[in-house]
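There are 2 protein chains.
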Amino acid sequence: MNPLRILPFLAISCIFTSLFLSLGPNPVLASSNALSLKPRPILEDQAWNQESREGVDKKIEIFDEIREEEKRESEEEERERVRLYCESWRFAVETNNLQSWKVVPIECGGFVKKYMSERGYRSDLEMVAEVAGAFARNVELGQDGMDAWIFDIDETLLSNLVYYEENGFGLELFNGNKFDEWVDLAEAPAISPFLKLYEEVLEMGFKVFLLTGRSESQRSTTIHNLQNSGFQNWDRLIMRGAADQGKSAVFYKSEKRMEMEKEGFRILGNSGDQWSDLLGSSMAIRSFKLPNPMYYIP
Amino acid sequence: MNPLRILPFLAISCIFTSLFLSLGPNPVLASSNALSLKPRPILEDQAWNQESREGVDKKIEIFDEIREEEKRESEEEERERVRLYCESWRFAVETNNLQSWKVVPIECGGFVKKYMSERGYRSDLEMVAEVAGAFARNVELGQDGMDAWIFDIDETLLSNLVYYEENGFGLELFNGNKFDEWVDLAEAPAISPFLKLYEEVLEMGFKVFLLTGRSESQRSTTIHNLQNSGFQNWDRLIMRGAADQGKSAVFYKSEKRMEMEKEGFRILGNSGDQWSDLLGSSMAIRSFKLPNPMYYIP
Chain A
1 MNPLRILPFL AISCIFTSLF LSLGPNPVLA SSNALSLKPR PILEDQAWNQ ESREGVDKKI
61 EIFDEIREEE KRESEEEERE RVRLYCESWR FAVETNNLQS WKVVPIECGG FVKKYMSERG
121 YRSDLEMVAE VAGAFARNVE LGQDGMDAWI FDIDETLLSN LVYYEENGFG LELFNGNKFD
181 EWVDLAEAPA ISPFLKLYEE VLEMGFKVFL LTGRSESQRS TTIHNLQNSG FQNWDRLIMR
241 GAADQGKSAV FYKSEKRMEM EKEGFRILGN SGDQWSDLLG SSMAIRSFKL PNPMYYIP
Chain B
1001 MNPLRILPFL AISCIFTSLF LSLGPNPVLA SSNALSLKPR PILEDQAWNQ ESREGVDKKI
1061 EIFDEIREEE KRESEEEERE RVRLYCESWR FAVETNNLQS WKVVPIECGG FVKKYMSERG
1121 YRSDLEMVAE VAGAFARNVE LGQDGMDAWI FDIDETLLSN LVYYEENGFG LELFNGNKFD
1181 EWVDLAEAPA ISPFLKLYEE VLEMGFKVFL LTGRSESQRS TTIHNLQNSG FQNWDRLIMR
1241 GAADQGKSAV FYKSEKRMEM EKEGFRILGN SGDQWSDLLG SSMAIRSFKL PNPMYYIP
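So the sequences go chain by chain: A and B. Position 155, counted from 1, in the first sequence is what the numbering used here calls 155; the numbers after and before it change by one each time, with no gaps. Converting from the second sequence to the numbering used here requires adding 1000 to each position, the first position being numbered 1.
Some hints here could point you the wrong way.
[Stated by the list, open to error] The calculated lysine-lysine pairs, modelled on BS3-like cross-linking and capped at a C-alpha distance of 27 Å, are: (1) A:K102 with A:K71; (2) B:K1207 with B:K1114; (3) A:K114 with B:K1178; (4) A:K196 with A:K114; (5) A:K113 with B:K1256; (6) B:K1196 with A:K114; (7) A:K196 with A:K113; (8) A:K113 with A:K102; (9) B:K1196 with B:K1247.
Just so you know, these hints were derived from the structure itself, not from any lab.
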């Protein structure tokens, strides 16, 4: 026989076989007794049990997948709930609706860390500095050199983020001694958008007052830190003296502003990360609140 | 010939054919002259050109993919930049750093719409109402019925979101006539967390003053709207009279608060969506700023 004669037969068979195989794994073909025509009840029972077992396994698998999916969804919902809560908490903090809070709520630890460490905090600071700069450029200054701008120091000109990174970003209760140790290092870097604003308002002819809750005992460290971070030519650095200890920040700072006004200064701008830097008496024409979701000073 | 004899031969051929086919589309087999053993230089050159062309096409495809990826990345970066900007813009608005803005920045249209329409606005309102309620419960009231709570109306007790949904969520310049038409419909729904607070402070024994920028000509419509939305038993509804037209909101509202104080009322709480509801003279012991990124009233 000419072997080429088999060729068309072979080709057609192959097409069918390939098509058959292409339908995917077939349980009948896959089972060991598929090609046997002789009845083998025991093995068939096993096969049936096997199939039934596979069916149960498949159902368990699907059930697990559904449970997994539900878990993912509820975790996603929980994350969204926490995010919304923390956004609203931050709104309440920054608008001064909340007041008198001691620590960041435990569920917002991650939220505050993310905000402070990633681009949110930086972006907010830049916007506040920009808005404050626009006001400074547009306000009319007198010719007598009595127009003043007040800057708070901590979280306004100098950043203590390095300290707060190591102390839970506000999750931990404030520890005065530990914080003073950090201040004494005089290593706090400048908040650059506010170093820029500081230099701009000086350039425009404002008198610059630094009004801080830091105590007189920290004067030389503070001057050292400020100068090392690029701040120069302020008019006065006002710190808590012996008589100011124990006063609330809002009261102490209001008193100091009142004294400035009595000397004839016009307080056009004020900038601080706490409402207690800005509210009270002798308020500035425009006050600029910097963000700070890490701590609250009354 | 017994046709079954072909079977082993057929099976082996089929296995090889299937294996061969399973290697995927083969360019040699696919080309029309693959099975011809006769050299056909012109066609082979075409095949070579074809392959080379395919190489170029592949490179173009990879290049397009890289460009597509870069585009996606830069779009993603752009979205992130806009989101950061709008978050910071909102911070500047809600802390009153910005002041005097007329419309939502065009790039923040989507941001404000999303905030107002999804869960953010609702969540913020609930938090403010909760914080205000906690203060109300903890402050000590006199026995003389002279403790007062002030509520603003628009975006504080009543929501004009339906109107702003149809007018760009603050992207469009404020149109007084169009807004008055909406007010005259008296269809503004209650802001439910503040309806709850309203009822709570009444229950506690506060006198409730409604202090609104709406004009006296809208009194009956406003009463109708308030009552239909569930507000009852307020002490006074104070609206702009003829003499108050043209005054800034902060001045008009300060004057009205001063009058309350002169009558002997103690203003413990105040709540409004504008800083001009809250700042000025005769300020409340505690002021509660509700969110509003849609408009600014000086």
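Evaluation of the provided hints:
no. : hint                 : result
1   : A:K102 with A:K71    : 34 Å, violated
2   : B:K1207 with B:K1114 : 36 Å, violated
3   : A:K114 with B:K1178  : 43 Å, violated
4   : A:K196 with A:K114   : 25 Å, holds
5   : A:K113 with B:K1256  : 43 Å, violated
6   : B:K1196 with A:K114  : 34 Å, violated
7   : A:K196 with A:K113   : 25 Å, holds
8   : A:K113 with A:K102   : 17 Å, holds
9   : B:K1196 with B:K1247 : 31 Å, violated
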